[in-house]
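Sequences listed follow chains A and B, in order.
For the first sequence, the working numbering puts the final residue at 1037, and the numbers step up evenly by one.
For the second sequence, the working numbering puts the final residue at 949, and the numbers step up evenly by one.
Heads up, some of the hints might be wrong.
[Stated by the list, open to error] Straight-line Cα separation of at most 27 Å, BS3-like style, residue types lysine-lysine; simulated pairs:
(1) K893(A) - K978(A)
(2) K1002(A) - K893(B)
(3) K921(B) - K908(A)
(4) K877(B) - K1032(A)
Since the hints were derived computationally from the structure, they do not count as laboratory data.
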Amino acid sequence: MIDSLHTEKQSDLLLIKQYLENRDTSAFNELYKRYSGKVYAKCISMLKDETLAADATQEVFTKVFLKLGSFGEKAKFSTWLYSVTYNYCIDFIRKQKRDLQLFTDGAEDLPEVIDDEEDDEELLAMEVGRLRKVLEEIPPGDKVILLMKYQDELSIKEISAALNKNESAVKMQLKRAKTKAKLAYRKMYSNN
Amino acid sequence: MAANNNFKQLEKEDQEMTPHAPRKIERQVMGLVNTGQFAGNVIELYFTKFIKLFLMLFGADPKEPTELTSEDAQDSGEVR
């Protein structure tokens, strides 16, 4: 029984508890090993530069280390970690390009799209290479909200907590981001 | 959610392209964690002693507050 407990992969929360209570750095190291690759891949996807992504990954884990004591266990550790990652990348992009549009705003004249499961299928079924290019075309905030929803499979409530926005604002932003992505797709691949 | 989710496939491909973060990041992050742990241990060990020393510099009595003098005992009515 004890052996099986030792060999079983420890949960993130158990590792956090182990680190906070015993200052066991091997527990933090395990969390790092578990998630650093994913965080680094997300940073490359957002920042498009390996050096910047490496710096961002280091900053994200430094923030996580400093704020781990205030992690409330209300969310999953991965949800919290990814929200720190996305927020860091959005802030970085905002600082680099002050005049860049982060989210599609309401002033833009976007056609109405029916928002249901069927409507999601068009987005989710885009061929991977094309999807990657579409995500490059839309504002970074829209990209983040789509990645949170469809890649990390976060709920509206979790996204609103991560981005510090209310739920109706997130729903509206998500709808605009989906419309923007589909329009970008049709514009780029309408001939095929 | 629809069965075919190519956002997941995109994530998989991104991770296959960069399966690990560079090793130097791990060294730097774990260096910070170890330094933090060392600082925490130092504070835990010496903080109370530092506070006592600080109070003594401002004229506080270095005696333990639980130690009763004969005058304290008389004041509290305790008979020795």
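Comparing the hints with the structure gives:
For the hint pairing K893(A) with K978(A), the CA-to-CA distance comes to about 12 Å; that is within 27 Å, so the pair holds. Using a Cα cut-off of 27 Å, the hinted pair K1002(A) and K893(B) is violated, with the two alpha carbons roughly 36 Å apart. Under the criterion of a C-alpha separation no larger than 27 Å, the hint pairing K921(B) with K908(A) is inconsistent with the structure, at around 33 Å. As the CA atoms of K877(B) and K1032(A) are separated by approximately 24 Å, the hinted pair is consistent with the 27 Å bound.
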